[in-house]
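Peer 1: Residues per chain, in single letters:
2 protein chains.
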Amino acid sequence: MSLLVVGSVAFDSVKTPYGKVDRVLAGAATYFSLAASFFTDVRVVAVVGEDFTGKEEKVFLDRGIDISGIAREKGKSFFWAGEYGENVNEAKTLDTQLGVFADFNPQIPEKLKTTEYIFLANIDPTLQVNVRKQINGAKFVGGDTMNYWINGSRQQLGEMMRVVDALLINDTEAKMLAQEFSLVRAAQKILTMGPKALVIKHGEYGATVFFQDGAFGMGRHPFRAPTLPIEKVTDPTGAGDCFAGGFMGYIASQGQLTREVFKRAMFYGGVMGSFAVEDFGTARLQKLTRPEIEDRYKIFCELTHIE
Amino acid sequence: MSLLVVGSVAFDSVKTPYGKVDRVLAGAATYFSLAASFFTDVRVVAVVGEDFTGKEEKVFLDRGIDISGIAREKGKSFFWAGEYGENVNEAKTLDTQLGVFADFNPQIPEKLKTTEYIFLANIDPTLQVNVRKQINGAKFVGGDTMNYWINGSRQQLGEMMRVVDALLINDTEAKMLAQEFSLVRAAQKILTMGPKALVIKHGEYGATVFFQDGAFGMGRHPFRAPTLPIEKVTDPTGAGDCFAGGFMGYIASQGQLTREVFKRAMFYGGVMGSFAVEDFGTARLQKLTRPEIEDRYKIFCELTHIE
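First to last, the sequence lines map onto chains A and B.
Start counting at 1 in the first sequence, then tack on 21, and there's your number in this note's numbering.
Start counting at 1 in the second sequence, then tack on 21, and there's your number in this note's numbering.
Quick caveat, the hints were computed from the structure, so don't treat them as lab data.
Same chains, same names: a pair is fine if it fits in one copy or spans any two.
Calculated pairs, DSS-like style, for lysine-lysine (alpha carbon to alpha carbon, straight line, at most 27 Å):
{"no.": "1", "residue 1": "210", "residue 2": "253"}
{"no.": "2", "residue 1": "210", "residue 2": "36"}
{"no.": "3", "residue 1": "217", "residue 2": "253"}
{"no.": "4", "residue 1": "97", "residue 2": "113"}
{"no.": "5", "residue 1": "319", "residue 2": "284"}
{"no.": "6", "residue 1": "308", "residue 2": "41"}
{"no.": "7", "residue 1": "154", "residue 2": "210"}
{"no.": "8", "residue 1": "95", "residue 2": "76"}
None of these values were measured; they are calculated from a predicted model.
Please put together the full structure from these sequences, using the hints given.
Peer 2: The structure is reproduced here in structure tokens:
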């Protein structure tokens with residue numbers, strides 16, 4: 022089944038203890054779609070400026086991604102410059118230039134409106150809701166958000182949470198959104214706000230999914246997927262988006278949503294995140310193969326498997 | 022097989038958002054031995070003061086724990102008073118009184134010197150090394166330490182690490198000990214310091230064990246055990262010691278140390294830690310039964326199990 026992502030296609034300049042890159046292809050929708058493309062057909066809805074050239078197009082097209090929903094505008098694409106220190110969990114933003122993204126008002130092309138799986142990457146929740154309304158027949162919708170919207174657009178975010186099936190956020194965002202220190206209580210509170218499933222990402226410790234009672238015919242027990250302990254995080258940018266891409270991509274590829282599918286999707290999410298950080302920008306994802314993904318999936322399963 | 026622990030038997034006054042208790046039985050060796058007693062025969066070597074009465078003795082004896090190695094001295098037992106806020110990962114120490122523990126110089130009684138499994142709970146590393154030397158025939162020795170010794174007694178700690186088979190510490194301690202931000206690099210560095218296995222506890226995210234190449238005939242791959250997401254942490258004190266008790270107790274109960282035994286020991290460690298935090302002090306451990314442990318063990322296995 023096909024999967025559509027709405028979000029940012031951008032350029033990043035990133036410095037980490039392992040080196041630096043200047044204006045490389047990035048953005049949540051880019052990372053997401055590349056990761057998801059190993060599992061299913063992917064369509065991207067985004068806006069870019071004149072700096073988005075054939076070179077960048079090729080990265081998507083080489084992975085068979087449909088970019089007919091990427092609008093081209095006069096001006097520059099979204100740009101972010103940041104730096105990570107030894108602690109890869111903390112990015113220092115050096116520069117942000119919205120460019121053509123400032124007026125982003127995503128319109129879903131007619132031929133993409135039948136897409137069954139949707140991911141609303143981290144953009145203004147008002148826009149996320151607008152997109153959701155344009156695709157009535159969607160079977161399963163995932164969404165992301167960030168501190169900026171949690172603090173500043175709580176009402177709009179509340180509406181967004183009522184139109185997604187699964188919300189994917191990290192520990193800090195979950196605690197902030199629920200205003201709770203306990204992760205479990207935070208999860209319970211967020212599930213009352215709308216989403217049937219809440220995936221909380223724990224960075225290098227993996228991720229946990231919590232379910233509304235009876236959602237997707239699943240038991241109430243949460244499920245945890247580990248991540249591989251990684252020695253060298255070359256560039257952590259996009260790891261969360263790649264988690265979402267692996268997660269949603271695997272779900273879309275399976276057609277039916279059982280507890281087992283959900284569990285495996287959590288593992289594939291972790292696998293894709295673990296590849297993303299091995300090189301700068303999208304470099305590792307561009308070289309990646311499905312057999313490599315399956316090999317690492319097996320290692321992830323073995324990592325916590327007990328007889 | 023029998024298991025001997027050397028460490029503190031103490032009294033704690035603890036305040037958390039869920040209530041408070043005054044001068045209840047506590048200390049690393051207490052938590053450890055109660056947790057381990059569900060798996061194997063346990064002996065405690067410690068020192069207590071005159072405030073340690075028949076009431077406290079009974080807690081150990083009810084669990085069949087051998088307390089012939091607990092020395093009685095004139096004065097008061099080790100006392101700690103602390104408070105936890107909503108963030109259970111941070112304890113605020115209000116008072117510490119070493120009492121008779123200040124002159125603790127553990128002597129292993131002759132009849133306990135044949136013990137095959139040893140745990141050196143968190144005390145001065147010089148004392149840990151002295152204990153290790155008194156028990157030559159030990160098959161497997163585990164050890165714990167803390168920031169205080171990592172910062173102040175690095176040389177003695179270095180010696181301690183060369184006489185233990187497994188070191189059990191948390192993320193912060195591992196990073197501090199190795200002076201590394203990356204957990205994997207920290208683990209690799211610590212393994213060169215002596216221990217054949219390094220168990221790093223991640224609090225609510227579980228624990229990971231790293232092995233020296235070829236140690237215990239095990240593969241190089243690390244292993245991760247989850248913990249149950251817990252809604253209400255009534256009192257986090259002793260969770261790490263109960264993890265160690267479950268871990269060492271299960272290993273001692275199996276006699277041989279295969280990779281599967283090590284993996285199950287990691288799960289049982291998490292299980293015992295998860296029970297410890299459900300009530301103040303040792304209250305939950307005193308009421309606990311083996312069937313409850315097995316039930317939760319199954320939930321832990323299911324939590325990350327994938328077909």
